[in-house]
Amino acid sequence: MLTLTGVGKRYPTGDRALTDIELTLPKGQVMALIGPSGAGKSTLIRCVNRLVEPTQGSIRLDGTELTKLSGHKLRHARRSMGMIFQEYALVDRLTVMENVLSGQLGYVGFWRSFLRRYPQEAVVEAFRLLERVGLPHAIDKRADALSGGQRQRVGIARALLQSPKLLLVDEPTASLDPKTSRQIMRLIRELCAERELAAIINIHDVALAQQFADRIVGLRAGEIVFDGLPSELTSEILTTIYGEEDWDTTPEPMDDAVSGDEATNTAPINPPYARVMSSIEAGAAR
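Residues in the sequence shown are numbered consecutively from 463, following the numbering used here.
Everything labelled a hint here was simulated from the structure, so no lab data went into it. Glycine included, every Cβ here is placed at the ideal spot set by N, Cα and C. Take these hints with a grain of salt, some might be off.
Here are the simulated lysine-lysine pairs, DSS-like style, with alpha carbons at most 30 angstroms apart [to be verified]:
#, residue 1, residue 2
1, 641, 489
2, 627, 641
3, 535, 603
4, 627, 489
5, 530, 627
6, 627, 535
7, 603, 641
8, 489, 530
What follows is a set of in silico ranges between Cβ atoms, one per label pair, in the way DEER data are often shown [claimed, not checked]:
#, residue 1, residue 2, range
9, 553, 689, 36 to 42 angstroms
10, 533, 584, 19 to 25 angstroms
11, 538, 488, 21 to 27 angstroms
12, 498, 691, 19 to 25 angstroms
13, 527, 476, 25 to 31 angstroms
14, 697, 583, 46 to 52 angstroms
15, 518, 602, 45 to 51 angstroms
16, 603, 706, 46 to 52 angstroms
Build the full structure now, drawing on both the sequences and the hints.
What follows is the structure, encoded as structure tokens:
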């Protein structure tokens, strides 16, 4: 479905963000991108939909060479790629429904979207999606009245309204508490299964990647250093991806309280890498 061949990105400063990326993503597979900050994870996702221009290589989606497209053809191709953003990218003064309907921009054009003249079938589908992501009660709320978890659910519904073949998900849990993070990842996973969508998820929480992804790709300094099953992620591989750390040590639990839009009773939180090794030891491969 999606094939990247020799993809690279070098900035005008000479800094190289990606080097010779080779990936094939089949239909329906959920792939997690992990790696340290600055490894090129967000750049890779944005090269796929051309929000960042790759400087070399080939990116093909269902046989279409995306790097050669421009103008109308590029806009048309982007319909097939739903984007879910770390900071939600909602318009605060618009309602939940209006934000979801903005996912139709690639179909109805700017002015019809600006004037909020959407096809009836798009409105019906937006209602259906909001019900599916658990927000039927929030249709008329302004986006700035929502919690972080609710805002991310709106972003998911907006991406799905495009009827994409591929989801590009950039750090969907970065601003969320642990419980809400799990709920959002579970929702994305379920929706991909229901709609047979492929997904690339850039995520810092390795334990969540292990639990919800079919496949994990590790980036370091713009290069792929691991590509395999969640169950294959060992402490040695984590060291290759992130650098030296005592991955086998589990610190004492901390008594941090979890706050969030859906949190009720929560357990003490361990630091992220303690949870990574806990998942590995338990054989967590989802």
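Verification of the hints:
| no. | hint | verdict |
| --- | --- | --- |
| 1 | 641 to 489 | 29 angstroms, holds |
| 2 | 627 to 641 | 28 angstroms, holds |
| 3 | 535 to 603 | 35 angstroms, violated |
| 4 | 627 to 489 | 8 angstroms, holds |
| 5 | 530 to 627 | 19 angstroms, holds |
| 6 | 627 to 535 | 16 angstroms, holds |
| 7 | 603 to 641 | 23 angstroms, holds |
| 8 | 489 to 530 | 22 angstroms, holds |
| 9 | 553 to 689: 36 to 42 angstroms | 37 angstroms, holds |
| 10 | 533 to 584: 19 to 25 angstroms | 24 angstroms, holds |
| 11 | 538 to 488: 21 to 27 angstroms | 23 angstroms, holds |
| 12 | 498 to 691: 19 to 25 angstroms | 21 angstroms, holds |
| 13 | 527 to 476: 25 to 31 angstroms | 27 angstroms, holds |
| 14 | 697 to 583: 46 to 52 angstroms | 51 angstroms, holds |
| 15 | 518 to 602: 45 to 51 angstroms | 48 angstroms, holds |
| 16 | 603 to 706: 46 to 52 angstroms | 47 angstroms, holds |
Consistency with the previously given hints fails for number 3 only.
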